[in-house]
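Chemist: Listed here are the chains, written in short residue letters.
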Amino acid sequence: MNRINKKLQEDKKLLSIYFSAGFPNLNDTVSIIQALEKSGVDMIEIGLPFSDPLADGPTIQDSSTKALKNGMTSEILFDQLKDIRQTVNIPLIIMGYFNPMLQYGVEAFCAKCQEIGIDGLIIPDLPVDVYHQEYKATFEKYGLINVFLITPQTSEERIRYIDSISEGFIYMVSTASVTGSQSGFGPEQTAYFKRIADMQLKNPQIVGFGISNQETFNQATEYSKGAIIGSAFIKFLASNPVEHINDFTTTIRP
Amino acid sequence: MSYNINEKGYYGEFGGAYIPEMLYPNIEELRLNYLKITEDPSFKKEFDQLLKDYVGRPSPLYYAKRLSDKYNTKIYLKREDLNHTGAHKVNNTIGQILLAQRLGKTRIIAETGAGQHGVATATVCALMGMECIVYMGEIDIARQAPNVARMKMLGAKVVPATSGSKTLKDATNEAMRDWINNPVDTHYIVGSVVGPHPYPDMVARFQAVVSEEIQSQLSEKEGTTKPDYVVACVGGGSNAAGAFYHYLEDTDVKLIAVEAAGKGIHSGESAATSVLGREGIIHGSKTLLMQTDDGQITEPYSISAGLDYPGVGPMHAHLYKSGRAQFMSITDDEAMVAGLELSQLEGIIPAIETSHSLAIFEHKTFNPDDIIVINLSGRGDKDLQNYIDYFKL
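Keeping their order, the protein sequence lines are chains D and G. Once you know that position 160 of the first sequence is 160 in the working numbering, the rest is easy, because the numbers rise by one and skip nothing. Once you know that position 392 of the second sequence is 646 in the working numbering, the rest is easy, because the numbers rise by one and skip nothing.
Since the hints were made in silico from the structure, they are not lab data. Hints should not be assumed to be uniformly reliable.
Below, in silico cross-link-like pairs of lysine-lysine (BS3-like), each with a Cα-Cα straight-line distance of 30 Å or less [said to hold, decoys possible]:
1. D:K82 / D:K136
2. D:K136 / G:K262
3. G:K420 / D:K66
4. G:K262 / D:K141
5. G:K517 / D:K69
6. D:K136 / G:K575
7. D:K69 / G:K420
8. G:K420 / D:K235
9. G:K517 / D:K66
Stretch-level coverage of chain D by chain G, calculated; a stretch enters the list once three of its residues show a Cβ under 8 Å from a Cβ in chain G [as the list claims (entries may be wrong)]:
10. 69 to 82
11. 98 to 108
12. 171 to 178
A virtual CB, placed ideally from N, CA and C, is assigned to each residue, including glycine.
Pulled out of the complex, with its shape left as it was, chain G reads as follows (with noise of 0.2 Å):
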């Protein structure tokens, strides 16, 4: 079995493009010519020195000593919350604008949750002195102040979703409306491994350089490519993709994806869709999403902007129905004591989408020379007046 996608567009049974004829030549067109593009050598080059220069590649791999000892095993962190922007979003926005540049396009558009997303294309834009709109929800807008004040810093116009639930289903709604309405000079920058064929296997190809780089790091120190576990949390799950990707195909590396229990999986006040999901379409993907019995999408919670989505992305689907991964839940409180253990004993303060990763020590036990490999995605500067009011600091 092939862990990684199929020709058609698939992850086992999971993906494909379920859109709106409207949007059809938008994505024939990505589809048509995202690998010639992405695999000429220019593209990689500029693309490579983009991540050297202006991201600052590759980011460490660092051994948490006072971490490991605490739970007696190897524990790495994979520190993107060290990249300019401050996570891994910004690996697919610099692959997703050179692209958008070799097809021509001239104005580009985005949708946002926290806000993380959306800094990073206002980034790239600023960057390629292109036209930038984001898509937020408009309760969104109203909890992210410093991130929308970033974006507009940057010369993006933040545009509210006043559709819906208001939050990031409906910000990405708005884009794709958007896309609808303007199909030539526009290009959509999806900041996850979500929606239609192509874009979950691009983006994950962006985002694949993580674990490229952990395999020459983790050569270099503990002389294997090959770590135990990879643990990455899901939302829509593009740091995940980018963790497990040159993984995917070898079993002998498990792979642990973290999902938001928010106030506990069965308190309905969730996103973890593995558990509560069920298969379905949710913007132009066939995979697992939170949904009535009826079909309607269903909007799911958790204490963590970044990973209140009310599905995961089809490669996610295909690895939890498959088995090849191993999904965990961990709600918000375990998860803002995880982020402050490590705040203390290694001195890095996580974004509180990275403390579900940290968190799973409390449920699983590993081996002493086990090598766990866990994706720092980001830092936690944006979450700082959630961390304030949790802990009263």
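Same shape as in the complex, but just chain D (with noise of 0.2 Å):
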């Protein structure tokens, strides 16, 4: 069994992490990884980094800008990544967009996530009908589970289309916003997160945007399985060295 569908198995509320690979400096993504990990993290998103990063806020674009800056690449990704499995055991997903993915070759890019122990992909820009008509064999050969995003502007119809093609979770955007760009939620993400739970889809939903600390955490997570914080966390690594990890993870879940 991927070692994601295990993890959504536990009877608790999940945290997941995304970081942009090669931020601050290239080399710290093992050393991300593992300390996030140590620290109690249930799952971790692996921020490949783009030029043209359509669907996030400044934050994750700087810290994009940066680590491509700083040279990182799909290769040299694959690369640090290549003995990860001997120290982390939680389940790890890439998160990139489409384009890098077209450039190493579809297929190569699944093979290699395979090898180095990656369990599923988020890519943002990689419609549904594409991803079923085309690639969606690929993804199952390598044993990879593809992750989908819905909106509270998404419909139920299409809701229940993504839920039927999606074999791990379903990433729940909390509000119509790139990352990082709202602070808090209000009445409207409460109905719409309840509305989703009530629609008892077959995949969980792990809620993502919007997430900085305890209070959100606890929100995103009172009608779904667990949720996803990305650009608080990258703010925390910009000042903050990566031996401090521990410290963000207990401010979100003590």
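Grab the two chains, each in its own frame, and use the hints to assemble them into the complex.
Modeler: Right, dumping it as structure tokens:
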């Protein structure tokens, strides 16, 4: 069984952390992942930086730009991660835009992920239909779970369709926004979280965008299986050493 | 083989809508409605009326006698430079603002590089009394001050794009992010035949008035609707899409797309996407784009701000790959000289973008009885400072 599915069966709210590989320094990737696992994080999204990250707000854009300046590439990331499974056991997901994967070769990219022990991918600009028709078989061949996003604007019909194609969890974008662009959830979000929970989907949902502290983590996970933190963690990394990552995690989930 | 778009939103293998889920409802709303709205007689009537009374269409098809004599062939210029706001861009912004109104949108966003599309958008927003926000790279704002002032005078808010390379591609990213953040009340007026389906097709249809007019004007002057060649410059490719549109499937008419070679194709400072680009995804469309081996989008260069886009629209990627259009590349220097030549032979100062199309005669010889239509996509007022600096006028 894929590590993601196994993790989703655990009886707890999951905390997932996103960071941009190659930030703040090119070779921080492995130590960040190890420190995150040690601090009790349940799942990690490793951001493969892209020059034009459409769905991201300023924090993640800037960290991507910095990572690219530091020299990060798909090849280097794979090289950094080649022995990661000797020390890390929690699910690892690569999150990145489609063009770098396309240039690497989708099949070669998936094969490399399997070889390293990556469990899933999140590709915001790979549409569900294109995935379904052209790439699903390849992802499955290499044991990778592809995670899709839904937003408050996604129709019920489309959510059902996405649920039918998904085999891990659904990434529930909390608001109509890019990453890192809001503070706190209002009644509108809570109603949306509840509406989705009431749909009784086969895949659990993990909420992302707008989660930055214990309060928002608790709000986001009231009706869902877990939550993802990105921008807030990147801000932390920009001004704190990797050795202090435990301090960040314990403020979210003491 | 068809050279126009298929029912799935692709030109051959290029096009589609590679967008994050956050944009799906907006794009889907457009996709489901754009043909229904734009083919409605009341829409057509209003669009045609505005093109006539407000833009000043039809734009003349002018036989350039002295230029023709010099190159010993027959050259016609399609005078899009005489449109209101000085370029072909306004054909599209008129169409899209009418569409936005019918979709019930109240807020307009746009991206701009040199500022031509920004000005054309700000213009139609003023005309319709709609809120207008234009994203423009911080670097472009600094080098295109007159157009920034025009947009402000027209009531638009100009927002600097400070991410990435701070130019057109980043302004486009920022506009898309704005749209993600404002999915309900906002329409995004994309300025070229780029972006996710249905934008390339929609913009091409609004610009198609150019080739529609060429057909009837040429028929009057030459007794045929078909020139031997249609020539247009390509950045994203909207003026070329308009000039080619009604000739796409008629292979008797040869199409020439002219790209900016900048300081030379292999100088590292170029925007010749057909030569330097590879297949990939930019701004939601599968097309040819300039990128690193690792798939990062690179920054192009041209003296002409309207041509330095790292991709081309999917229609042009298909025209290139299928061989339907011939692609030529013209350097900064060649374009500047051709712009000066047109000024002095015909009394028309062209935009530097357009000057690239005029420079092909140094590379390609035509027969004396060939009929060549060049889309004179814009006028050179905005480029005067560049011409002054270059020729030390």
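Chemist: Compare the structure with each hint and give your call.
Modeler: Here's how the hints hold up against the structure:
no.: 1; hint: D:K82 / D:K136; result: holds (24 Å)
no.: 2; hint: D:K136 / G:K262; result: holds (19 Å)
no.: 3; hint: G:K420 / D:K66; result: holds (15 Å)
no.: 4; hint: G:K262 / D:K141; result: holds (27 Å)
no.: 5; hint: G:K517 / D:K69; result: holds (25 Å)
no.: 6; hint: D:K136 / G:K575; result: holds (28 Å)
no.: 7; hint: D:K69 / G:K420; result: holds (15 Å)
no.: 8; hint: G:K420 / D:K235; result: holds (22 Å)
no.: 9; hint: G:K517 / D:K66; result: holds (28 Å)
no.: 10; hint: 69 to 82; result: holds (count 3)
no.: 11; hint: 98 to 108; result: holds (count 7)
no.: 12; hint: 171 to 178; result: holds (count 4)
Of the hints listed earlier, there is not a single one the structure fails to meet.
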